[in-house]
Amino acid sequence: MTGPQPLRIRSVLSGHPVPAILISYVMAGFPRFDDTVPMLLAAEEAGVRMVELGLPYSDPLADGPVVQAAGHQALSNGMTVAKALAQVQEARAGGLAIPLVVMTYLNPLLRMGLGQFCQRAAAAGVDGILVPDLPLEEMDELAELAADHRLAMNTMVAPTTPDARIAAAGRLSTGFIYCVSRTGVTGASGASRDEGTALLLRARPQTVAPLVLGFGVRSADQVRSVAGLADGVVVASLLLEEASVASRPVEAVARRIRELGA
Amino acid sequence: MPALEELQEQAAIAFRDPEFSDSLNNLLRDYAGRPTPCYLAQRLSDRAGFPIWLKREDLLHTGAHKINNALGQLLLARRMGKRRIVAETGAGQHGLATATACALMGVPCVVYMGSEDIRRQAVNVAKMRLLGAVVEPVESGSRTLKDATSEAIRDWVTNVRDTHYVIGSVVGPHPYPWLVRTLQSVIGVEARQQMLEQAGRLPSRVVACVGGGSNAIGIFAAFLDDREVALVGVEAGGRGEAPGEHGATLSLGSPGVLHGARSYLLQDEDGQVESTHSISAGLDYPGVGPEHAWLKSTGRVDYTSVDDRQALEGLDMLARLEGIIPALESSHAVYHAVHLGPPEEGPVLVCLSGRGDKDMATVLDGDQAR
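In order, the protein sequence lines correspond to chains Y and S.
Residues in the first sequence are numbered from 1 upward in steps of one, following the numbering used here.
Residues in the second sequence are numbered from 1 upward in steps of one, following the numbering used here.
In isolation and in its complexed conformation, chain Y is listed as follows:
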């Protein structure tokens, strides 16, 4: 089992000038409760260099319809924070070696206790966390606890984020900055590449933190188009759609990851 190493995230992302690494999004407990571990292992085998594991939440404000539906199904399947962390531990025991970042909304963490969560996440083999409904102004407590447990804290910015705030997001990040490629929610169709590109160009001089582009990435072309601008690209809705319709979801997602050129 790999222990938590916040620097792993940075080292995986800092390979310039190489193409941006592919990061796949996996919803814990989706499409079936027991799919999480095989999905994580298959993603690594298909070539992704990092994985973002979503923990389902009843009111996922930053997610579009596809991620919402996946989360809803995962909750119906009985997924919880504690059970998802147990699955991470299982995946590590099964050989998962790439960095894993947990994306979760704040309330389930508050319920478990922020310190308790960080301790259990680190013990399970999580490398970093991303909490989309926790603004920078409120992040200190969780950031300190994350640091205590050697978990990387990742932050988010959008095309509407002013330069000074991007710089602040960079100062708080011990992992990457998640750049939302358009204002709004995940998976919106027709993601504006120009808006994402503009954000990346604007963000780069503000921070030394690696930049990861997400929200609305759907094709290998899109992945290639940000090479040299972004350090990583997250693919979420596309893979969840694939998983929700396929009879063999793990294989289908792995095939799609290969098509994206991981």
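Source of the hints: derived by calculation from the structure; they are not laboratory data.
A couple of the hints might just be wrong.
In the EDC-like style, the derived pairs of lysine to aspartate or glutamate whose C-alpha atoms are separated by at most 16 Å in a straight line are [said to hold, decoys possible]:
1) Lys83/Y with Asp34/Y
2) Lys83/Y with Asp270/S
3) Lys83/Y with Glu269/S
Following the hints, complete the assembly by docking chain S onto the known chain Y.
Showing chain S alone in chain Y's frame:
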């Protein structure tokens, strides 16, 4: 966050600008119908054994206190140069108020409403559409107010450059609870003055229903410093205390974060937000305004609940004794004021936050069930 900071700055400037206050006060007076009467309900008082005064927000244009907030936020949106409005609605009263203010000011309006609520509130949906608003059904989650709120927030963050989000209660991220409180505090300011003039004294107790809590904060705000005035917030007791059967967030919930505010929340042991039930769609919300959580913790306000059956009884009672059909939300406060308070020495003031037209179908269903 930058949009919230901009809103806070602009609202603070607007509230100090006499031109803004004049525009708002003129609209509230000439268009919405302020000041609303403060009425001594004599036959209801005879029943209770002590005087009960009603703050008649039910007489406002569109039928509830929601118009106070909608007009204020629309004027604010205009100052901020926002050309499109989004809102959420549960019972439809806030959506109707927002659609009305948008029609008045010629601004396009999208109202998010849970598909379950659309089914329950067909008349308000038809009214909003008549006023030119687009009513977007929300199919996610429990298909009620909390999901409509999430969807409105999603729209807002996607279109934040030209769109203003008119939230309907004292919930959501700062500055919204403060903004909505400020716009609703006209209820209490008027009522306090009216009680002094008409009753010759302050009420011994003020009672208001609490869903998100905007009418309650609105009327309580003016009395917070009057330590001799007891304040009571009445939540939806629904069908019982089991999870999913009520909307009594302050009475039965625990601290948590929902829609950008830390307050009390109905949640399960894993921090997932629970579904709610109330006979009144306006109290059917698993969160509550953060200031109410504060007022509960300081003990300044007592929070309690009234169940579905009692609320219907409150509605019947006010209809028969006073010829006033209250909204089911307000009926919770009416029932509590008459039956559940301590024996009174002085007058009780009830915030009659809305009228019952929208609830006729529910009342008829209830009659059939009885």
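Each hint, compared with the structure:
Taken as a hint, the lysine 83/Y and aspartate 34/Y pair is honoured in the structure, with Cα atoms around 11 Å apart against an allowance of 16 Å. Restraint check: the Cα-Cα separation between lysine 83/Y and aspartate 270/S comes to about 11 Å, which is no more than 16 Å; the hinted pair holds. For the proposed pair lysine 83/Y and glutamate 269/S, the alpha carbon gap of about 13 Å is at most 16 Å, so the pair holds.
The structure is consistent with each of the numbered hints, conforming to all of them.
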